[in-house]
Amino acid sequence: MSKPTLDQLEELVAQALSRIEACANGDELTACEAEVHGKRSAFTQLQRSLGELEPEARREAGSTLQSARRRVLDAYARREGVLAEGERQAQYEADRLDLGDVVAAHVRLPLRAGHPGIIATTQATLEDVFVGMGFTIADGPQIETDWYNFEALNIPPAHPARGMWDTFYVELGEPETVLLRTHTSPTQIHLMEEAVANDTLPIHAVMPGRCFRRDTPDARHLAAFHQIEGLVVDEGITFADLAGVIEKFTKEYFGPEITSRLRPAYFPFTEPSAEFEITCTLCRGAGCRTCSQTGWIELGGCGMVDPAVFAAVGIDTSRYSGFAFGFGIDRCAQMRHGIADMRAIADNDVRFLEQFS
Amino acid sequence: MKIPLSWLRDFVDLPDDVTLLHEILDDLGLVVEGVENVGAGLEDVVVARVEEIHAIEGADRIRRVIVEAGAGPIEIVCGAMNFEVGNHVPLAPVGAVLPGNFEIALRKMRGVTSNGMLCSGKELGLGDDHNGLMLLDGFEGVHPGLPLLELLRVSADVVFDISPEGNRPDAWSVMGVARDLAARFSTTIHDPAQRVSESGGTARASASITAPELCGQLLVAEIRGVVVSDSPSHVVRRLEMAGMRAINNVVDASNYVMLERGQPTHPYDVAHVAGQHIGVRQAQPGEILVTLDGVERELGRPGRGLGDTGVDCVIVDSKDCVIGLAGIMGGASSEIRADTCEVLLEVAYFDPMTIARSSKRLGLRSEASHRFERGVDFNNAHAAMNRFVEVLSWSSPDIEWVRTQHSEGILPELPVVAVSTLEISALLGTDISADEAARLLRFLNCEVTVAGETLSVRVPSSRLDIRSGEAGRADLIEEIARLYSYRRLGRRTPTWTQAGAWSARQNLRRSLRSTSVGMGWLEAWTPSLGSDEDFELTNPLGTKIRITNPLAAEESVFRSSMVIGLARAWSRNQERGNGDVVLFEIGSVAVHPNDAPVKRLARGGNAGVQEVLLPSEHEVMTVVLGRVDDDAVSAVASWRVIAGRLALADTDLVQSTGPAGWHPTRYALIVDASTRAVIGRVGEIDPALMVNVAPKARVGQRLGLLELDIDVVGDSQQVLRRSLTTPVPSKFPAVLFDLALVTPLSVSASTLARSLRAASDVVESVELFDVFSGGNLPPDARSLAFAIRLSARDRTLDEAEVMTARAVLLQAAAGLHAELRGAPLL
Ligand SMILES: [Zn+2]
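The listed protein sequences correspond, in order, to chains A and B. Sequential numbering of the first sequence, starting at 193, is according to this note's numbering. Sequential numbering of the second sequence, starting at 17, is according to this note's numbering.
Check the hints yourself; a few may be wrong.
[What the hints assert, rightly or not] Some chain A residues close to chain B (C-beta under 10 Å, calculated; not the full set):
no.: 1; residue: Met325
no.: 2; residue: Thr328
no.: 3; residue: Ile329
no.: 4; residue: Ala350
no.: 5; residue: Phe431
no.: 6; residue: Asp433
no.: 7; residue: Arg453
no.: 8; residue: Ala504
No wet-lab data here; the hints were simulated from the structure. Ideal Cβ placement from N, Cα and C applies to all residues, glycine included.
Okay, chain A solo, but in the shape it has when bound (with noise of 0.2 Å):
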């Protein structure tokens, strides 16, 4: 072959990339691919004889050859694509299956045994304790306004309780409208807006779920943690029924030999408020370090319902009372399998999983 000129730059471009075009397959482009555009390519003959013009004509002459070659290269990577897409397909095609025909009897799989998830048996149980008490069980969205989560609960805007719970706001609507659950609370209000519009008051309902708070995750929280929440409202309730609900759940799932108290707390929504403790389920109330050597640890929140709550939601406060509590499924979870990192949960461990049943 003779040595090319620049006066044969259209040529070669047509031919290099008719050679592209003609590339059936991967394999076949790779081949030529020295031969087109690489080292053996009639471009690179072509800019080693650069060197002999002027620095001028050097100049012209070297763009043109770099924008020729620039096209035989985008050509050359859009055959690769086409090719690569056409393979992908021709792929997917030879992996094309009926699923309407699938042979059930010819699945033969190993035998093993499944685990349900730590969280999963954890409200399970608590859910059974909760039914066995005379409660139904009702669930919320995880994706509430702020009227939901905060202003029905009595926490109006930029009211510095608002505070208590980090919260992750989502982009949709006015600023802090749209928001991710900080805790099961607001499903109490939809259970209450919905007993109001269907007359179908009294409620006894636990709400476990799914929250959110804006926490960075260490040994004890993760940003998402799941909560169960109470809430009973009828006539002739007091916080007497609260202190014996909650000592009656306390000896139910933790066992007969512990028990729970009841100390002043502040909660927007329920007034008057308590943190309830249990005995120490390590030491048993003797004091150890994981309760501080008080013998007792904080379990959760509660209290009777503020009467602003039951304004929002339109409830006949001469009529009803009622009371909510609410604590952390994670946080019993925790307690029971003794975890220490909390963490462990999330990254989903088979180790970890086969743990539990």
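Following the hints, complete the assembly by docking chain B with the ligand onto the known chain A.
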């Protein structure tokens, strides 16, 4: 807040039993986060005078020191370098036990015996200074052998770290905590403050409020003859025990009063307040202030927060220049300096919500804002001012409190709330007499009048959290219960007629979970928030539900599918050599309102008056089948197990092109055979995704996928259940034969099976057992081989009946263009 016991004792007589006090504080809702014994372990520490200092051969970090501690020379090895012969330093002799349970023993270093330890402030728990020994030369009456505690004129103290509940404005002060304790011990409060009088000299200062709704009252004291210096040691010590740093006697006096009485005050250097005027007004939009922390802040503009009005309250001088952000932080220009000799002290009541909004928007919280946003006791202002002058006079005795200027804004009304013993019992379930309730409330400075069984209570200015009307009644009953002690309240287990029950959804989840576990699967837990990239893998065209304030970019989008999260969880296990598993999860995914066919609306926004468009949430169960032989086929077989367990009437698999993330040619929609409602999806993960999602998986590993819409499965209108009426299986022998039917690709196996099942009432079951294509079959058909089982409830089928049934079956098959292949095996 940290409160020394000695400070509480200035106000109320208390027993010595710290454990008892701890318990009582907890029971009052003043939760004790920690108890610190300050000064304990210093009983044996004495003053020593340095007599000689010698180098130790071969050691440049320690020296041999001879000290005199009143009983002859003592040899000590010491690592500190900040002292010389003649200095007085603390000596912990052998046997002393320092704070932190650190026992001093005889030690030998480089052949030199150390008969004790010379101590730094930090080692003694008396400060943070760890740079060298604590030097005692400046203390009055210092001499070798004097016990350190005597020299410092301190006694051991106990500091309670109390975390008051968010609603309690009063509990952020020593006095407020003392008031609660006085109630529990049924004793009286005694105020240690001494009355100081104003001199009544000619006033030069003035005060004004031009935003009466932002500032309820403003008192400005003019104090002359101030000498700025360090505070007396007992003031410094109390501030430090309370966790604050001593700065100078003026600032310290202000902090001392705030800690003691809950009233923040702000001292200004008169020389830098134009016109000696303190005014309060609303900030103009865009006004700038450089706060004490050196940050330039733009004021008066609404922030992004819901309900933020953009109202800031500022302090101005006579030229209307902003010199402070009211109730939050002063400006840098007028702070107290070493040469300050006249002070203006501002004592104010600011509107709590204004302070709360400003401090949130500006991200600026201070000890003062903390208290103002809970509502300070406005009737306490003059006493706080008096106490400031008194505390300052301890170190600057020649000060003159010239006069106090007073300006009025709008103060909150103190509600009068009626509460009856009946209402107390109805809420608490415990009877408390009217006299007892009144007695308890009076400890909180409530004005109470009792008429029969009803109390009429005027809420004190120290408890602005107590509301009016019905809510106020609940607040008061909580106060009664709190002071009475929650532990003394009754307990009762209530009963009601409604039976406890799981919801239908609960039961469905339990069925799904138990079936999955029964098949040997493991339940996983994956995060609801993921990255943009992961979202796009399964939903490239979807609108993202984006978090405004994520903690990390990888957790900034609410998931629309659990496939990627679960596949990654599988991959992590596979990398650890445990990939031979199936993972499943039952959880929520959400769809952005832009993409949701049905709009979810809920009330929200300020006062809940807006209709807010929300993402629609769906509960799904997702399964990733990752065992060696898993693929779409095992996913389909698994689905059939689940469908059987849920007793679904009949479902079809509709072959379709897999969506993003799914294998395009191994995919089917699961639909209810009658309603055609889509129940879920079955298939495989797109092999092209494996590089990204499971980079270490072996080549050719397929991940079977199954996804069920639990909302649909749970809806018995959309997904039909088998009839509850259950036929008893026939006791008569069944007839079995196979039919291999050449069936067009367009007819699904399930359609054909359904048609065969319905063809005759003697058909007991129809089961696909083989599929064959190729060979001499036409390219647009395959052979489906079914095992047919015939029986009748009341008789054994005779040959004629079987032949008839078989013909009917073939006829039904022909209706779907399926024809018999080869000879039947009868
Ligand atoms: Zn313990």
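Can Ala504 of chain A be said to touch chain B, with a Cβ gap under 10 Å?
holds, 8 Å
Could you check if Ile329 of chain A really has its C-beta closer than 10 Å to a C-beta on chain B?
holds, 5 Å
A closest beta-carbon separation below 10 Å is what the hint needs, so does Thr328 of chain A meet it against chain B?
holds, 5 Å
Using the nearest Cβ pair, does Arg453 of chain A come within less than 10 Å of chain B?
holds, 6 Å
Against chain B, run the beta carbon of Met325 of chain A and see if the smallest gap drops under 10 Å.
holds, 6 Å
Supplied contact hint for Phe431 of chain A, tested at 10 Å Cβ to chain B:
Status holds, d = 5 Å.
With chain B as the partner, please determine if Ala350 of chain A meets the hint condition of a C-beta pair closer than 10 Å.
holds, 4 Å
Asp433 of chain A as an interface hint toward chain B, with CB separation required under 10 Å:
For Asp433 of chain A, the interface hint holds, since the closest Cβ of chain B sits about 4 Å away, which is under 10 Å.
The structure shown violates none of the earlier numbered hints.
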